[in-house]
Every structure is written in structure tokens, then in C-alpha cells.
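S.K.: Protein sequences appear in the order of chains A and B. Going by this note's numbering, the residue at position 58 of the first sequence is 58; the numbering climbs one at a time, nothing skipped. Going by this note's numbering, the residue at position 176 of the second sequence is 176; the numbering climbs one at a time, nothing skipped.
What the hints contain is simulated information worked out from the structure, not anything from laboratory work. Some clues are possibly wrong.
[To be verified] Calculated Cβ distances over 12 Å to all of chain A for the following chain B residues:
(1) 38
(2) 83
(3) 165
(4) 242
(5) 263
(6) 334
(7) 344
(8) 345
(9) 353
(10) 387
(11) 417
(12) 424
[To be verified] Lysine-lysine pairs mimicking DSS-like chemistry, simulated, CA-CA at most 27 Å apart:
(13) 104/A - 116/A
(14) 33/A - 136/B
(15) 33/A - 430/B
(16) 249/B - 104/A
(17) 31/A - 278/B
(18) 229/B - 191/B
(19) 104/A - 278/B
(20) 381/B - 33/A
(21) 31/A - 4/B
(22) 31/A - 184/B
(23) 278/B - 370/B
(24) 249/B - 300/B
(25) 104/A - 370/B
(26) 31/A - 149/B
(27) 48/B - 35/B
(28) 370/B - 394/B
(29) 31/A - 70/B
(30) 116/A - 370/B
(31) 86/A - 31/A
(32) 393/B - 381/B
(33) 249/B - 184/B
(34) 4/B - 47/B
(35) 191/B - 149/B
(36) 31/A - 229/B
(37) 32/B - 191/B
(38) 149/B - 33/A
(39) 33/A - 393/B
(40) 48/B - 32/B
Where a beta carbon is used, it is the ideal one built from N, C-alpha and C, also for glycine.
Spelled out from the first residue to the last, the chains are:
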Amino acid sequence: MLSITETEVVSFSQELISRCNEVVARYPEGKQKSALLPILHFVQAEFGWVSAPAMDRVAEFLDIAPIEVYEVATFYTMFFLQPRGKYVLEVCRTGPCCLVGAEKIMRYIEQKLEVKEGEVTADGMFSWRGVECLAACGMAPVLQIGPEYTFYENLDERRVDELISNLKSKQ
Amino acid sequence: MSRKLLLEHINVPGINTFDVYRQNGGYRSVEKALKTLSPDDIVEEVKKSGLRGRGGAGFPTGMKWSFLAKPEGVPRYLVCNADESEPGTFKDRYLMTYIPHLLIEGMIVSSFALGVNTCYIYVRGEMMPQICILEKAIVEAKNAGFLGKNILGTGYDLEMYVQPGGGAYICGEETGLLESLEGKRGTPRIKPPFPAVSGLYNCPTVVNNVETIAAVVPIINDGADEYMKIGIGRSTGTKLISAGGNLNKPGVYEIELGVPVEEFIYSDEYCGGIANGKRLKAVVAGGSSVPILPANLILKTVNGESRLMSYESLADGGFVSGTMLGSGGFIAFDEDQCIVRNTWNFARFYHHESCGQCSPCREGTGWMEKVLHRLEYGHGKLSDMDLLVDVSKKIEGNTICPLGDAAAWPVASAIRHFRDEFEWHVNDPKSAMERNYGLAHYADPLEIEVKG
Ligand SMILES: Cc1cc2nc3c(=O)[nH]c(=O)nc-3n(C[C@H](O)[C@H](O)[C@H](O)COP(=O)(O)O)c2cc1C
Ligand code: SF4
Ligand code: FES
């Protein structure tokens, strides 16, 4: 769901704008819309999620209609249209991972973080959700954490414990 | 030991860097192609090699290349499909992580062959680490004079860019991918026109899988004749198989096409058998979209011949008793796995990933998921199996892109081969909630008709 309550204008840093310009230069003249997905990734990495005002700013930057940004941001599963925890644990829930215990890992994470799929922990640190096959089925169960999309493979409860306490101490 | 053409140097320390890759013979094919061969020579060589697309459909690569339209004054594009989202498949990630220059080398030679001056590698967005690896490798190749203007002084110019996806399986379908690369939703296009005529920005475009492009390197280095010596029949060369599920040694293996399935599963050179001393119940041989086969049918064809890891042998028996090599995503199920649950999981996946353009796919995948869910959770009816087959038939062949078929086949084949397990879920839901159906008769020797 798009959040339409936000009205503030988002401003992009000079650094972000120069990275966006670099991407636009990869495509032929007039095809700057091709830069939309790369730029949405930059925005999410910078702000933690993709808000409506941020999308409007992207539209302005690329000289396209805001709807062209909304329809794309809502189509792709990687873009968060609402604020999430600082760390989003994305666990693969597709068949091959389930053969070796992915569902158990998801239940364990849910218990441990005490939040349901998609929700944020009270301290704002964590969210979790199931995602589809991450092309790592041989190292299952697996989870990834953006914005770098670091991988954690061959998960068991002990490794999940370690991971969560490491992330907690990182802040 | 299978000969290795792609992964030969994978264990050399530092092979991900330009210098080490180059010291191990890397970029020779670029020198050979740009300095001694014409673009048409390369296309001919690839045609002759018998290389078939490694992304799933197995279409002959040389033939695809020769369809590329060449109108005067219109740019052409090569787009590498590194979307790798087919459940069970993880070979492209492996290749890009450990030997990224092989892909870049293949992209340069292929681009030269196709008369392309700008090419893109479309990588699924979740592979940010691989995107960084590729971008670094591209800079290295450029600094060494293998990319950019006037490559190796031959006058050939090529720019290469990496494009991230946004998390959508449908962007692996080549026209969905092109839409996505144009900054739109990844909804597949109606064909014709095919990308070879009107692809990226309406220009002639070739889309090839990562492994296909990488295979061009040994074909140009050693020649098509050498390449054809490996493999069996129309399945030439080597293939990367990503093996997962209940195996002792899951991982990515480069096999010579034609290795017996039994050897692939049980020998120590490959998967080392089924994990935890269990028995094999079923296999999905080529990624989640291909028909699932019970143990007995994956090891032997109905004629009693041993089944081989090749396009033809895996497809032997058609959809009645065979399957497909697909993307090489090999998923092994041990005797404790529930086929109903897995079928529901796959149906859920396809419903989630349907782009929603065609009603048979959008609605049908949802119905299949719902019916399978009630079967799995003990509320199914005996008529549900026929209902599922009926829905799957109505999707198959009636959609814009093959995702519809890909959703239909796993369901139809699971019911075809494991019907009694589905019936057990209906007849004895209480037991089905408590335990699994087990191996049953799925590994029993096949009854072979003796031909008189
Ligand atoms: C739903 C769907 C998903 C696909 N996903 C991929 C993929 O992740 N990677 C890939 O190379 N091909 C994928 N394909 C196949 C591509 O459409 C296309 O055939 C392939 O990239 C061509 O390359 P090749 O000839 O080198 O195999 C997919 C096809 C469909 C219908
Ligand atoms: S078959 Fe499914 S995924 Fe493909 S175009 Fe139609 S609705 Fe979209
Ligand atoms: S099924 Fe989980 S990574 Fe492929």
C-alpha cells in the first residue's frame, strides 16, 4: 500500500544525485526511464524505504509522471512502501528450502523477534518476512539482509541467535 | 571425471581478479575473435557447436543469433539474463561470484559476433554482492583495454553495464526482462515481434542466459569440433547443474551432458547420495517448472534404459513419463518429504509471481494454490485432483508467456505420478496431518512391458 499521508518533500543529497546521473548515462538519449530500478534501490538504501514523496522526487528527476514510478515500485517485491525495521530478515520460503527446514527457521525467527511477518519490533530494529527462491537452494535454509543483501546460509537456530545478537550489538 | 570447460579454474586463488584470470588463459577468446575471426565466423562456430540455451528452454544459441535483424543504422543489443529466479537454480550466482570475468569475456565475444556496441547484464536485484563483483570486474577489463573504445586496437567499441532487477520472477522471462530494463513493470510482451526483431528500445536484441554466454568462451577458444566431442547426441558440451534438496553434497556441478542420473545422485564425484542415509523419493530435474518424477522414473525410462542428464534422455517419455533438463536446477526429495505440501508450495510461488496480465494464469494459479492448500490441510475432496488437472489444462498454452505452463506442469505431473498420496490426504486427513506418506512404491522397479 502506498502511504499517502506523507506530504513532506524529500530532498536528495548531492552524492545521491550524482550517482543517479551516472546511471542515467548508461542508456541511450531519451531512455533515462531505464534508470528507475537502480535509482529506487539507491533511495531505499538511503532512506530505508520508498515513500511517496521520494517517488515524486524520482519522477521529477527522471522527467516522467509520478504514476510511472508508483506502478513500478508497487510491482517489484524488493521495494518497501512502508517503513520497516532497520534490519529486515528475508528468509527464503520456496520449496527447495522447505525440504531442509526453512519453515522451522521462519517460525523460530517469529518467536524470537516476537513480531509477525512484515511487522517491526518495538525498538525499530528488526522485521522479517518470507521471500521467494534466492538462488541459493544448495546452501539452504538461507536469509538475506539489505541494503547490501548479505547472505546467511545453512541456517539453524544457533546461527539465527548469533546473527540477531551480532546485529543488536552493531547499532 | 567430467571435463570442465567453465569451472576448470574455479579453485585458483584470486581467479575473480583480472590478473589471475588472465594468467590462467582468460580473455584469449577475445583476442582470437576480434583479431582473427569475423562476426559471421563466430556465429557459425556457435551454431556448429550445438550449444543450446542454458536458461531453461534449450533453444539452439547459434540459430537464435542468426535470427537477429540487422537493419541499417539501428543499434542492436545483447542482454544477459542473470535474473536466476527459477526455484532450484543457483548456478549463475555461483559463476558470477567466483569467476565473473568468464561472463564478461563471453559478453565481449558475443557482442562482437552480433555487432553490438552496448550490452547489459540484467542481474536480479537481490544479488547486490554479485552486481558489485561484476561492476568491479568490468572496470578491470576496461582498464586492461578489453572494453570501451577501440578494444585491443581493433577499432571495435563496446560498453557493458550491469542492471539490477527489483525482485520479480517474471523478469526472467525475456520480454518481461526487457520491459523491466526499460524501467517498467516486468510484464511479458505479446510475441511476435520477437526480441530478435524488436527488443530493447524496439531495437533488435538477443537475450541469453549467463551460462550460455560463458560457454561461448571455450567454443571460440577450442573450436566447435572440440566442444561437440563432449556430451551426447544433440546435447553437446557441459552443463552446470545446481543440486539441492536432500543430498549429501548439494552444490553446483559442471557435468558432461550424458552422465547417468543415478551416477549424478549417488557417486562421490557429484552429490554423494541422499542425506542422512535416507532413500530417494522424487526428483525435480530442471527447476521447479518441469514435471516432477518419482525415483523409479527419474533413474530409468519406461523402456528400462538408464536415464541420462541430457536434454533428450530427461525428456524421454514426454510428459507421460519424462521431464526436462530445464535450467539444471536439480531438486532431490527424500522419503520423508510430502509431495502434496511441495506441490502446494510451488503453486503458491507461481500465484505470487504471476504478473496478472492473462486471466488463465492470474486466476488459475490462485485456484490451484487454494485447492492444494485445502488438500494439504486435510479439507480436500477426492474430486479435487481432477479439478486441479482441469485447471492446469486450461492454463497450459493459453497465456502470453510460459509462466502459465510453468505453473501448470508441476501440479499436473505431481497428480499424475503421486495420485495415491493425494488421495491419502483426502481419505485419511488425520494421519496426513500427523505424518508423511513415506516412500510408498515410488522407488519400486518399473514394470516394463516386454515387447513381443
Ligand atoms: C517465467 C520465466 C522465468 C524465466 N527465468 C529465467 C531466468 O531466471 N534466467 C534465464 O536465463 N532464463 C529464464 N527464462 C527463460 C528466458 O525467457 C529465455 O528463454 C532465456 O533467457 C534465453 O536464454 P538462453 O537461450 O541462453 O537460455 C525464464 C522464462 C520464463 C517463462
Ligand atoms: S502467463 Fe502469467 S506471468 Fe505470463 S504474461 Fe500471462 S499472467 Fe503474466
Ligand atoms: S528455494 Fe530457497 S534459495 Fe532456492
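S.K.: Determine for every hint whether it applies to the structure shown.
M.R.: Hint check results:
1. 38: 27 Å, holds
2. 83: Per Cβ check, residue 83/B is inside 12 Å of chain A; nearest 9 Å; violated.
3. 165: 7 Å, violated
4. 242: 6 Å, violated
5. 263: Nearest chain A Cβ is 19 Å from residue 263/B, so the label holds.
6. 334: It is violated; residue 334/B is separated from chain A by about 8 Å at its closest Cβ, not greater than 12 Å.
7. 344: 9 Å, violated
8. 345: Check fails; 5 Å does not lie beyond 12 Å.
9. 353: Since the minimum Cβ distance to chain A is about 7 Å, residue 353/B lies within 12 Å and the statement is violated.
10. 387: 22 Å, holds
11. 417: With a cut-off of 12 Å, residue 417/B remains clear of chain A, as the shortest Cβ separation is near 16 Å.
12. 424: Given a closest Cβ separation of 20 Å, the condition holds.
13. 104/A - 116/A: 14 Å, holds
14. 33/A - 136/B: At roughly 24 Å apart (the allowed maximum being 27 Å), residue 136/B and residue 33/A satisfy the hint.
15. 33/A - 430/B: Roughly 55 Å separates the two Cα atoms, so the pair is violated.
16. 249/B - 104/A: 22 Å, holds
17. 31/A - 278/B: 55 Å, violated
18. 229/B - 191/B: 36 Å, violated
19. 104/A - 278/B: The given pair, whose Cα atoms are some 20 Å apart, holds under the 27 Å limit.
20. 381/B - 33/A: Answer violated: residue 381/B to residue 33/A is near 50 Å, above 27 Å.
21. 31/A - 4/B: 41 Å, violated
22. 31/A - 184/B: 12 Å, holds
23. 278/B - 370/B: 31 Å, violated
24. 249/B - 300/B: The given pair, whose Cα atoms are some 22 Å apart, holds under the 27 Å limit.
25. 104/A - 370/B: 22 Å, holds
26. 31/A - 149/B: Status holds; Cα separation ~22 Å.
27. 48/B - 35/B: 21 Å, holds
28. 370/B - 394/B: With Cα atoms ~16 Å apart, residue 370/B and residue 394/B stay inside 27 Å; holds.
29. 31/A - 70/B: 21 Å, holds
30. 116/A - 370/B: 22 Å, holds
31. 86/A - 31/A: Distance ~34 Å between residue 86/A and residue 31/A Cα, so the pair is violated.
32. 393/B - 381/B: The given pair, whose Cα atoms are some 19 Å apart, holds under the 27 Å limit.
33. 249/B - 184/B: Distance ~40 Å between residue 249/B and residue 184/B Cα, so the pair is violated.
34. 4/B - 47/B: Distance ~21 Å between residue 4/B and residue 47/B Cα, so the pair holds.
35. 191/B - 149/B: 35 Å, violated
36. 31/A - 229/B: This hinted pair is violated, its Cα atoms lying about 44 Å apart.
37. 32/B - 191/B: 36 Å, violated
38. 149/B - 33/A: 25 Å, holds
39. 33/A - 393/B: 38 Å, violated
40. 48/B - 32/B: 18 Å, holds
This entry does not satisfy hints 2, 3, 4, 6, 7, 8, 9, 15, 17, 18, 20, 21, 23, 31, 33, 35, 36, 37, 39, going by the numbered hints stated previously.
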